[in-house]
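Residue numbers (the working numbering), protein chains in the order written: chain A, 4 to 752; chain B, 3 to 245.
It is worth saying that the hints were derived from the structure and are not from the lab. Treat each hint with caution, since some may be false.
These stretches of chain B come out as covered by chain A in the derived footprint (C-beta under 8 Å, 3 or more residues) [said to hold, decoys possible]:
id : stretch
1  : 107 to 120
2  : 222 to 233
Stretch-level coverage of chain A by chain B, calculated; a stretch enters the list once three of its residues show a Cβ under 8 Å from a Cβ in chain B [claimed, not checked]:
id : stretch
3  : 5 to 11
4  : 510 to 517
Virtual Cβ for every residue (Gly too), placed ideally from N, Cα, C.
Given next are the chains, with one letter for each unit.
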Amino acid sequence: MVRLGLQLTLRSGREAMVRLVITAAAVAVGVALLLGVLAEYHAFQANASQACWSCTTGQPVPSPLPSHGELWNDSVDFYQGQTITRLDVAPLGAGAPVPPGITRLPAPGEYYASPALAALLAAVPADELGDRFPGHLAGTIGDAALNGANDLVIYIGYTPAGLTALPGVPAASKGGPVPGTQWVTSISTAPASEVFTPFFRYAFGFGVLAVLFPLLVLISTATRLAADRREERFAALRLVGGTPGDIRVIASVESVVSAFCGAVLGIAVFLLVRPALAGAALVGTRYFESDLTPTIWGYLGMLVGVPAVAAIAALVSLRRVQISPLGVSRRAKRKPPTFWRLSVLVVGVGLYVYGLSKTTHASIGAPAYPGLLITMIGLVIAGPWLTSAASRLFGRLTPGSSALLATRRLADNPKTAFRAVTGLVLAVFLGTMVGTLVPAVNSTEASPANASLSNVLLAPVGLDPHAGAQLISGLSAIPGATVYPLYSLAGGSGSVGPGLGPGDTAVSCAVMRQLAVLGQCAPGLRAVQASDSGLFDDNPMYNTKPFVDSTNTAYTGNLSSLPLQTVMVRVNSPATLERVRTYLTINTAPQPASGQGSAPTPPRTFGETLQIRLDRAATLEKIVYAAVALTLIVAGCSLAVAVGGGLVDRKRPFTLLRVSGTQVGVLSRVVMLEAAVPLLAATVVAAGIAYGTSILAFVRLAPAGTAIPQLGSDYYALMGIGLAVAFGVIAVTLPLLRRMTSPGNVRFE
Amino acid sequence: MNSPVATRPHLIEARDVIKSFGRTPALRGASVTVSPGEILAIMGPSGSGKSTLLHCLAGIFAPDQGEVWFDGRRLDTLSEDERTKLRRTTFGFVFQFGQLVPELTTTDNVALPLLLNRMRRHAAYTTAETWLDRLGIGDKIANRTGELSGGEAQRVAVARALALAPTVIFADEPTGSLDSLTGEKVMDLLTGLAREAGATVVIVTHDTRVAAYADRVLMVRDGLVSGDLGEVADQVAAAKAAR
Numbered sequence: 004m005v006r007l008g009l010q011l012t013l014r015s016g017r018e019a020m021v022r023l024v025i026t027a028a029a030v031a032v033g034v035a036l037l038l039g040v041l042a043e044y045h046a047f048q049a050n051a052s053q054a055c056w057s058c059t060t061g062q063p064v065p066s067p068l069p070s071h072g073e074l075w076n077d078s079v080d081f082y083q084g085q086t087i088t089r090l091d092v093a094p095l096g097a098g099a100p101v102p103p104g105i106t107r108l109p110a111p112g113e114y115y116a117s118p119a120l121a122a123l124l125a126a127v128p129a130d131e132l133g134d135r136f137p138g139h140l141a142g143t144i145g146d147a148a149l150n151g152a153n154d155l156v157i158y159i160g161y162t163p164a165g166l167t168a169l170p171g172v173p174a175a176s177k178g179g180p181v182p183g184t185q186w187v188t189s190i191s192t193a194p195a196s197e198v199f200t201p202f203f204r205y206a207f208g209f210g211v212l213a214v215l216f217p218l219l220v221l222i223s224t225a226t227r228l229a230a231d232r233r234e235e236r237f238a239a240l241r242l243v244g245g246t247p248g249d250i251r252v253i254a255s256v257e258s259v260v261s262a263f264c265g266a267v268l269g270i271a272v273f274l275l276v277r278p279a280l281a282g283a284a285l286v287g288t289r290y291f292e293s294d295l296t297p298t299i300w301g302y303l304g305m306l307v308g309v310p311a312v313a314a315i316a317a318l319v320s321l322r323r324v325q326i327s328p329l330g331v332s333r334r335a336k337r338k339p340p341t342f343w344r345l346s347v348l349v350v351g352v353g354l355y356v357y358g359l360s361k362t363t364h365a366s367i368g369a370p371a372y373p374g375l376l377i378t379m380i381g382l383v384i385a386g387p388w389l390t391s392a393a394s395r396l397f398g399r400l401t402p403g404s405s406a407l408l409a410t411r412r413l414a415d416n417p418k419t420a421f422r423a424v425t426g427l428v429l430a431v432f433l434g435t436m437v438g439t440l441v442p443a444v445n446s447t448e449a450s451p452a453n454a455s456l457s458n459v460l461l462a463p464v465g466l467d468p469h470a471g472a473q474l475i476s477g478l479s480a481i482p483g484a485t486v487y488p489l490y491s492l493a494g495g496s497g498s499v500g501p502g503l504g505p506g507d508t509a510v511s512c513a514v515m516r517q518l519a520v521l522g523q524c525a526p527g528l529r530a531v532q533a534s535d536s537g538l539f540d541d542n543p544m545y546n547t548k549p550f551v552d553s554t555n556t557a558y559t560g561n562l563s564s565l566p567l568q569t570v571m572v573r574v575n576s577p578a579t580l581e582r583v584r585t586y587l588t589i590n591t592a593p594q595p596a597s598g599q600g601s602a603p604t605p606p607r608t609f610g611e612t613l614q615i616r617l618d619r620a621a622t623l624e625k626i627v628y629a630a631v632a633l634t635l636i637v638a639g640c641s642l643a644v645a646v647g648g649g650l651v652d653r654k655r656p657f658t659l660l661r662v663s664g665t666q667v668g669v670l671s672r673v674v675m676l677e678a679a680v681p682l683l684a685a686t687v688v689a690a691g692i693a694y695g696t697s698i699l700a701f702v703r704l705a706p707a708g709t710a711i712p713q714l715g716s717d718y719y720a721l722m723g724i725g726l727a728v729a730f731g732v733i734a735v736t737l738p739l740l741r742r743m744t745s746p747g748n749v750r751f752e
Numbered sequence: 003m004n005s006p007v008a009t010r011p012h013l014i015e016a017r018d019v020i021k022s023f024g025r026t027p028a029l030r031g032a033s034v035t036v037s038p039g040e041i042l043a044i045m046g047p048s049g050s051g052k053s054t055l056l057h058c059l060a061g062i063f064a065p066d067q068g069e070v071w072f073d074g075r076r077l078d079t080l081s082e083d084e085r086t087k088l089r090r091t092t093f094g095f096v097f098q099f100g101q102l103v104p105e106l107t108t109t110d111n112v113a114l115p116l117l118l119n120r121m122r123r124h125a126a127y128t129t130a131e132t133w134l135d136r137l138g139i140g141d142k143i144a145n146r147t148g149e150l151s152g153g154e155a156q157r158v159a160v161a162r163a164l165a166l167a168p169t170v171i172f173a174d175e176p177t178g179s180l181d182s183l184t185g186e187k188v189m190d191l192l193t194g195l196a197r198e199a200g201a202t203v204v205i206v207t208h209d210t211r212v213a214a215y216a217d218r219v220l221m222v223r224d225g226l227v228s229g230d231l232g233e234v235a236d237q238v239a240a241a242k243a244a245r
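Okay, chain B solo, but in the shape it has when bound (with noise of 0.2 Å):
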């Protein structure tokens, strides 16, 4: 499976990455590269390592051994608050559950990252509420993340991630924890949106129907990264010329 933006320059790029939890191999030399603007998906099946390797993609796990490059800098020898920097100014993430912080309205969410970025609190509620409405959820501003249902809150959470105008957004089964009709509205806000702002986007996904939404899609087995979809592919062709 070939994409169209596979020939440009490689904004992220991991080589031979080893990851390990004790004595439990995560990834085994996985390699993998993303292209500007491209939305990939990674496949696998559970205990893969497919969101391990999101992670260290993403700079929250370093890697045990490889290279973990972005945009011409490596990532993986970054300091830890470096890596913090990039997720604040450049990444957005959007995971199953366990993102938002109930405590907060949606518009809170959505602020946050960009408070953290030293914007001007004026600034970044309206740009808040500004992504709220766009994501259909602007009549929510005021209430707790913990109020909202599962489709709702997944929202507030691809309005946060792209809030930022990150140039790559983090997708880690995004619609694991939706309805699948739930689950299609979220993938078509996020994968349409970040085209529409040029964002790159990496979802690691079971979900054949939210591999559909990808430009190229991976497989992941037992920490090692192949292009070969195996059983899988005909099942993601389908859901593709389904859309």
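So here's chain A without its partners, still in its complex pose (with noise of 0.2 Å):
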């Protein structure tokens, strides 16, 4: 029975040849993608449990210093937006632990800098960038430090009384070590904490099921082409006495061969698009290509998984064929799906809803996970119903042949018609869920202050007034720079970073004046005492809070006499900013590395701040679109299956209606109608679903008072597209169908 199951697949003409190349090529499109998420994936994970040399932490450094282990400073710096993390470190003794990535450490005046780093200090003037780093590059970082090709990483040697004579180190510290330094005997090799790995892992499982889903519906759209012709040479079969288990067989080889070569077709095509897919930078690092591979689990899954899957789909296909030896001359007609189809759907957005009555601010309900993906599996349920239904509706409606002809068959097998649509509904419905929930959070965190704000760089430096006055003179003679200072009342020069409570911070009203969003001096006031502490809250939503206002306290003292705190430097242009950056970073202190919540360490300006987390939402927005925009794909190849199969399924009557005078067109119509019909009808109630429970999450999770988001024009534009490819492949078809029912093909067998 095998040999003669691939003998039906390999050698049986053009028909057989045909079917298994579209078959191979949808399963493959299918594996491909699938790959490609799991690599995605496997690198992100690979990422996400590297070790994290940068999460070491030490010691307070001793006194006197120890002759073991090693003087550590690490801290992130900012290059036209992107992150670059520095690591200062000097030697106490031999054996001083090394990095990874190099093999000693570098020498006082010399600093290793990561591949990328390397090729941006040789492109931009060094008083950029480059003279933000003491000594010459002796060699690049290997990959074991890095995230990914576009990693920003230096490591600067140092002597250990270099790293603690830093310039701008407060005179009262000078001798001692530089704020932030660390006495470090071991290297950290855990992996990163990181706050929204889990939000990633999050969006990469949703990616993953929205590809997983249409996948599953393609490979048995596919493996079920032009079943019913198919059906009718089994029951030919069944009559010369193959019993149902000989069928189970050859329906088995068939599927099997055919989603093999798919898969085998599919693992090629992923290796060939591996190197674009590593420089596509979906979590916003761009992977070693190396990392970018899916386990070898994934490829076995892709060989063993998608062909069993296949032969699955094909047995469940032959149900019909077991009946009877004279096949589909006798089917039994279908049972018309009932309204308890739509249950599945209703507990879903019954959990979903539920889930978000447990939604705060802070975190969603658990329920609604499941509540969701029980919705999306409600959805393909339900389909067949709302496509009956649809076309009774449309039937009644509708008059000429051609509604007649294809609201007849939608009523006679709803199933197989809604089948071609499943994978475009759920991209219907997870597109509306993205397109309501993303720019509505984009949307609470673009204050307008921010934007008055957003060249303006915030830095706290912590100087004793006479550093602190040749700090000023030194950042406005850069041109296009504005300095705006802020003083410290606290005593002392040592208070590094926000003030300490309320009323120890000095500024001059004509700064206010400046930094109008800030807030504003009661009228008649030269300076006032103030709290700067809401600058430095890594929320853009507040930090632009005014700090200022008519209730604060004069101060008439001497503000150049006062330790400064903290400066705010206007800039006019992106060269203009990393001039200051590099001032700063050369006259004053390294600011130690922290977490998420904690003072913005670097000197950043506002923009930057804000456009950090707006790249955190934008990679999830990323990940999910290209779910959507993988399960468009997915989705179209399901239906060009399925209208292709359905043709060939047809030859027989449809040429039998133009012998009989039907037109091509009339035809053409009854094709068009068959899909448009239940996409339409499942598309306007999965659109409405998702947008309706996207809003009650929003309501849930948004601020008091955010406006309800209304679907933007990136939605319409995404959605538009989906249905103008799945209408474009159908007309696609048609040509097909012409030929295919030519009066010449009237004799069939």
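Could you fit the two chains together into a complex? Lean on the hints.
Now the structure itself:
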């Protein structure tokens, strides 16, 4: 039987070969897409579990200095919106631990840079970047220390005395450790505990789910290509004594061979596009190509799982043939789908809404996740009923032979009709959710005040009055830079960063007039006491709230005699921004790296702070939009296969209709309507449910008073393109219809 | 119309067979016997139930009520697997259309039931080619059946039915899609070779010229079997005389 199955698959003429090629191609598209998603996930996981050397924590620097270990000061810096991870390091003796990616610590006056940073250093003027790093390039840092090819990392070598005597260190600490410097005896090998990793993981899970579901539909549709025709052949085999087991073997062999060919082809396609995928930087990091690979289990899963799914789909489709050797000629009428098919959808939506009722501004209620999954499954289950109902309604409202033929077939087999558009309906559902939620989330983050401060750099400096005056003078000398100083009332010069409490900062009212969105003094005052701590909250929704108003107490002393606590610098160009940042880096101490929610340690503009947050949202958006786009591709393939297969199945009745005088145009409209009616009916329902549930989620998650989001042009563009592709796919099959139903084909066998 | 073989023990017997499709009755207590080596024609108007009776006799359908016996065994109580085995080893089929696999060559189609019957591949193909030769289409062994004319395709079906050396051949409108001349050639081959092989033949037809090849003719009306041919009796007799 296996041999016969192989013969029927591989050596049975053009029609069988075309069926094999189409099925394999459709499966290959799905397999390549799924491997792509799995590879991205694997690379993301590899990154997330990579040893995090910058997470190393040491101890306060002892005095006197020990003779082993090293002085370690890691910080972050920015260049044109890109983050630079910087390590200043000084060995205290032989055997000091070496961070990954290099074989020895940089000697004093040397640094190692990642390949991307080395290229950047060579390309941009030194006063915009290179001057921040003392010494010369000794070599490049290897992949072991990097998350991806675009990572900007630098290790700078010092003597212990050199590290403690960095420029800009407050006078009181001269000879002591630079702020943030630790004594390290071993380097962390644990992965980083990234706050956003779980969110990305959810987004990936969502993406895999979004692709996997339509992919299974595609594989089952493809392996059932021209199933009615094939079932007639199987019925003939049954007639001459083929057992149901024999038929199952033959059908399985056919499906497994085509799915296996598709899986192999899909793997080949994936390997071809892998370099391009590595550059796609889906989560913001350009992965190393070696990381961008599914596991061996991923490949095996494709080679074994996809044919297995195909075989199961083929066996499920054979149930009717097992009834009688006369096959389709005595097929029992299918039961029409009932109203109960809506129940799963209702349960899913109910569970989702219940999950939302448990949702707070901080987290989404756990039942919402299974609710979303069950809603998607419910849409697939409810689809045939919706198709049946829509076809009845359409048949009542629309006259004409095309509508009659199409609605009769839809009413006779709404399951098959809906199967062809299942993927598209799911894509519409996901696309509507994303289209509603993402712009809504973004709109809550972009406050008007941010725009006016987007080119203002904020840098805590903590300098004594003399050094502060020098810093202001130096910054003011940079063309295009305007300096706004904030002074410390806390006493001494060691208070670095935000003020310590109400009234611990003094600021000129002239400065506040230049920074109007941060508040205004009462009329007639020259300077006021204030608390500027709000400036340092890493939350763009609040960091531009005014910190001065008419109630602030006047400060009547001499501002220039106070320690300089913070400078804000307005810049007129990106180049000026980098010059200012370089000047600050050279003339102030590096600030210790800190986690989410802490002060923004490196000097950066309000615009950059906002951009970092928006980039995270954009990354999530990119992942889900990519999933929607992939879903549309898979769904388009499913539709093409289903429509093509449906034409092959109905070659005989359509040809007879043409022979009896029916125009090709009528048959074309029948084919178009058979896809359009279920597609539009289910699309309206899917989009409606997705929009409604997204609004509910938004209301629960967004701050009170936020406007209800409207679907934007991106959404309509994506959905419009998706539907246009769907109808385009159907239109492509219409020339096939003309040729296949040529009256010359009236003799069939 | 009595047959010379009617007195032999029955090879096939249907007793009061009732079969419905949904609410539509097809057979309403049909009874019929077929003797070994007999060629029996079953006639009847469209929708009378004659094809359904043939399918019940061949074990394709299980009757709702009544009994079907074959060679001393209750056919209607056999399992699907056992009835399938009978179709593979003991019965041959020639239908109007749809019984050939167009993706396969003529030889493949004829060899197919032999292969299903676990005959060795070489022997199956040799037997198939021999029968195709005997039916006059030895030059078509490499053609796919979709490429043949209607008459040639029916000859392939006859070859496939006979290649098994079946005990019974069931033929449902075997010439229904053929012109009269081609139909006669097919019937000459079918009945001639069946008699030569000692096979019993049950033919369902509405064509009196086809019925004229039979030893005995029965009529099915409204799901019941009758020996009274009514108005077609003279036409069958005339066709028989003309042969």
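> For this structure, which hints from the list above don't hold up?
Replying inline: 2 and 4
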